[in-house]
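Student: Here are the chains, one letter per residue:
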Amino acid sequence: MDNFDNIFDKFNDEALGEEQWLEPTPDVYGRIENEISDNPRKRLLFWWILSGISIILISLCSFMLLNKEDKSDKRDADISVQNYTTVQKDHTPIVSSTTPKLSNIESVKKDENELSKKTALLNSARLIQEDLDVKTQIPTTNNHLHLKDHIKNVSNSLKANLVNNKEVKTSEAFSKEQVIFNKRELVNIQFLDPFVRNENIRPNTRMISLSPKFASIENNDRDDQKINKPWSGIVGIHYLNWSDKLNENYRTALSPADFNKSDGSGQHIYIGIDRELTSKVSGQLLVGYSNISTSSGHNSILNYDNSSEVNLENKLESVTLATPYGFVNSDISIRRDENASSDDVQLFSAIHSKHNLRMMNVNMNVMYQLISLKRVDMKIGTGLGYHRLLELKNDLDYINTNHSEYSFVRGAVTENQMSLNNGFFSSDLMLTLGYILNDQLSSNLRFDYSQSLSPLFNDSNFSSTSRYYSLGLQLMYRL
Amino acid sequence: MAERILHMNHPATDYFLIEQILQGDKKKFEILYKRYSRMIHLVCLRYAKTSSEAEDFLQDSFVSIFKGLDKYDLDKGNFSTWSKKVAVNVCLQHLRKKSFSFYLGNLTEIVSPQSNDPTPLDNLSLQELTKKIQTLPTGYRAVFNMFIIDGFSHKEIAVKLGITESSSRSQLTKAKKYLRGQLSHQNYKVTYG
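As given, the protein sequences belong to chains A and B, one line each in that order.
Residues in the first sequence are numbered consecutively from 170, following our numbering.
Residues in the second sequence are numbered consecutively from 2, following our numbering.
Hints are computed from structural coordinates only; laboratory data are not their basis.
Please read these numbers as outputs of a predicted model, since none were measured by experiment.
Keep in mind that a hint or two might mislead.
In the EDC-like style, the derived pairs of lysine to aspartate or glutamate whose C-alpha atoms are separated by at most 16 Å in a straight line are [stated by the list, open to error]: (1) K35/B with E192/A; (2) K28/B with D15/B; (3) K27/B with E204/A.
A few chain A residues that face chain B, going by a derived Cβ cut-off under 7 Å, partial list only [said to hold, decoys possible]: (4) K179; (5) L185; (6) W190; (7) V197; (8) Y198; (9) I201; (10) E204; (11) I205; (12) S424; (13) P425; (14) D427.
Where a beta carbon is used, it is the ideal one built from N, C-alpha and C, also for glycine.
Please take these sequences and the hints and turn them into a complete structure.
Tutor: Right, here's the structure in full:
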C-alpha cells in the first residue's frame with residue numbers, strides 16, 4: 170500500500186542540494202531579469218499608449234466644443250427670450266401668450282412696441298443669417314434690408330396660408346405645433362412671430378400649419394432628419410470569434426483524454442432595417458449568414474492490429490472521436506514502417522479535428538444613442554437572436570501517433586454528431602460607433618457579443634453552448 | 002527577541018536580502034533565485050506536463066515573487082513557504098489558461114487493473130515520482146499536488162479550482178488509482194459515460 174504521507178515528506182524536504190536534475194537551465198534567470206528590470210522598450214510602449222489615448226481624448230473634446238459652438242445661437246436666443254419677457258411684463262398683451270412646452274423656456278408675453286421689435290429683430294437676424302449667407306454676426310443696414318425682404322416673404326406665405334385654411338391659430342397653438350421640433354426651432358418661431366403678427370394677423374385670431382413656412386430657417390440637426398426619415402436599410406460584414414463552452418459533465422468525461430479545443434473564427438454578413446422610435450432609441454431587425462471554423466483535439470489509444478494489416482497499413486474503423494458538439498465516428502489508416510516489429514502495438518495518439526458551422530441568423534435589437542456629436546455618434550444595444558444551423562461539417566485534420574515507426578496516412582469522419590439542436594436562441598449586446606458620411610449614408614464600426622441561451626449540442630448529460638464576439642463594418646442608408 | 006533581530010540583520014538572511022532588493026538593489030534577487038530555484042522548480046515540475054512548460058512556470062513564479070516582495074510578511078511564515086505558495090498560484094493560473102478541465106465527476110471511468118505486485122509509490126525516487134505525477138491528466142494532477150503535497154484541504158481546493166468538494170475527493174481517488182495503475186505498467190483506456 171502506498172504511503173502518501175511519505176510522498177509529502179519527500180517533496181517538502183528542503184534539502185534539495187543533491188538533486189542536480191532540478192537545476193533550471195541557465196537562461197531562465199536571464200529571462201526573469203529582463204522582466205523585472207525597467208525595460209526601456211516597455212516604457213516607450215507606455216508613452217505610445219499614453220499619446221494615443223491623449224489624441225483620442227483631445228479629438229473627442231474638440232468634437233464636443235465644436236458641437237457647443239454650433240448651439241451658441243440657441244443659447245443667445247434663450248437669453249433674449251428672457252430679456253424680452255422682462256421688457257414686456259409692464260405692457261398689456263395684445264394677441265396672446267405662448268404656453269411653455271419646455272422647462273427652460275419661459276412663458277413669453279407678447280406685445281407690440283418698438284423695443285420688443287428691436288430685440289426680436291436682432292435675434293431673428295442672427296437666426297436668419299445662415300439663410301442669407303451673411304458671415305458677420307452684427308446686424309448691418311444691409312442685413313436689415315435682407316431681413317425685411319425675408320419677413321415680407323414669410324408674411325406673404327402666411328397670408329396665402331390664412332386664405333387657404335380659413336382659420337388662424339393663436340401663438341399658443343403655434344407653440345404646440347412646434348414642440349415636436351427641437352427647442353431651437355421653437356425659440357426661432359417665437360421671435361419671428363411678432364413681425365408676422367404685426368403685419369398680417371389680427372389679435373386673438375387662430376393660426377394653423379405655420380411650420381412649413383419656416384422651412385428655410387430650419388437647422389440641419391441630425392435628430393430632426395431622423396424623425397423625418399425613421400427607416401434605414403442596413404448591410405454589414407463582421408469578423409467573428411467563436412467559442413464553445415462544454416458543460417461540467419462533458420468536460421469531466423473528456424478530461425482524462427486531455428481534450429482541448431480552440432476558439433473558432435469566421436465571417437458574419439447581414440442585411441436589415443432600422444426604425445427610429447424616438448430621437449435616441451431605434452429598433453433593428455437583421456437577417457444574416459455566418460460561416461465559422463473551429464478545431465479540437467484529444468488523446469486516444471489506437472490499436473495497431475498486425476493480423477488485419479494490408480500492405481503495411483491497418484485500417485481502423487469507427488474510431489470514436491470527441492468534438493465540442495458531441496461524438497463522431499471515423500475511419501483511420503495507419504502505416505507501419507517496414508522495419509518495425511510485427512507485434513501488435515498500442516499507439517498513444519493525439520487526434521486533431523476541424524469543424525465548420527454554417528448558420529442563418531435573425532436578430533432583433535433595440536439601440537440607444539449614448540453620444541451624438543456633429544457627425545459621430547455612439548450607440549449601445551441589446552437584443553435577441555435566433556440561429557439556425559444549416560450545416561456542421563467535421564474533418565479529421567491529422568493524427569500524431571507519437572511513434573516514429575507508425576504514421577497517419579488518411580482518415581475521414583464517417584458518422585457525424587447526433588443530438589444537435591438545429592435552432593437556438595441567443596442574447597446579444599452591441600456597441601456601435603457611427604460616422605455620418607452624408608444626409609442619407611452613415612457607416613458604423615460595430616462590436617457584438619452574443620451568448621446562446623440554449624445548447625447547440627445536447628445529449629442527456631452532455632451539452633455545449635456557444636458564444637461569440639464580432640467586430641465589423643456596417644452601412645446604414647436612410648430610406 | 003534580540004537573537005531574532007540579530008538573525009534578521011545577518012547579511013545572509015532572506016530578510017536582509019529582501020530589504021536590499023526593496024531599496025532598489027535588484028541584483029540581490031539573483032541570490033534569492035539561486036537559493037530557491039530548485040525548490041520552486043520542483044513545484045513547477047509537479048504541476049506542469051513537460052520540463053519546458055515547468056520552466057515557463059518557474060520564470061513567471063519568480064517574476065511574481067519579485068513583484069510581491071513588498072507584501073511578504075516575515076511574521077506569517079518563512080520566505081520559502083511564502084514563495085512556494087506564490088509558485089503554486091502561478092502554476093494554477095497557467096493551468097486555468099490552458100482551458101483544461103479541472104472538473105471530475107462520476108462519469109469518467111479509468112480502467113486501471115491493479116497488478117499483483119505494484120511498486121509502492123513512496124519507494125520511487127523524487128525524480129521518478131515527479132515524472133509519474135506529470136503523466137496524470139491535468140485535472141487529476143492539480144488536485145493530487147494540492148492535496149497530497151501542498152497541504153490544501155478539499156475545501157480550499159474546491160474554492161481555488163471552482164469545483165465542489167466531492168469532485169475534489171473523487172478526483173484525488175482517481176488520481177491515486179491512476180498512479181498505481183501506471184506503476185503496474187498497465188495500459189489505460191478511457192471510456193465515456
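Student: Look at each hint and say if it fits the structure.
Tutor: Now the hints, each set against the structure:
For the given pair, K35/B sits about 9 Å from E192/A by alpha-carbon distance, which is consistent with the 16 Å threshold. Between K28/B and D15/B the alpha-carbon distance is near 14 Å, which keeps this suggested pair within the 16 Å criterion. Restraint check for K27/B and E204/A: satisfied, since their Cα atoms lie roughly 12 Å apart, inside the 16 Å limit. Evaluation of the K179/A hint against chain B yields a held restraint, the C-beta minimum of about 6 Å falling below 7 Å.
Because the beta carbon of L185/A sits about 5 Å from the nearest beta carbon in chain B, less than 7 Å, this interface hint is met. Hint status for W190/A: holds, given a least beta-carbon distance of 6 Å to chain B, under 7 Å. Evaluation of the V197/A hint against chain B yields a held restraint, the C-beta minimum of about 6 Å falling below 7 Å. The criterion of a C-beta within 7 Å of any C-beta in chain B is met by Y198/A, whose closest approach is roughly 6 Å, and the hint holds.
Given the 7 Å rule on beta carbons, the hint for I201/A holds: about 5 Å separates it from the nearest Cβ of chain B. Interface restraint check: E204/A against chain B, minimum CB-CB distance 5 Å, threshold 7 Å, status holds. With 7 Å as the threshold, the beta carbon of I205/A comes within range of chain B, its nearest partner Cβ sitting at about 5 Å, so the hint holds. Using the Cβ-Cβ criterion of 7 Å, the hint placing S424/A at the interface with chain B is satisfied: the shortest such distance is roughly 4 Å.
Nearest Cβ of chain B to the Cβ of P425/A: about 5 Å, under the 7 Å cut. The hint holds. A cut of 7 Å between beta carbons decides the hint on D427/A: the least distance to chain B is about 6 Å, and the hint holds.
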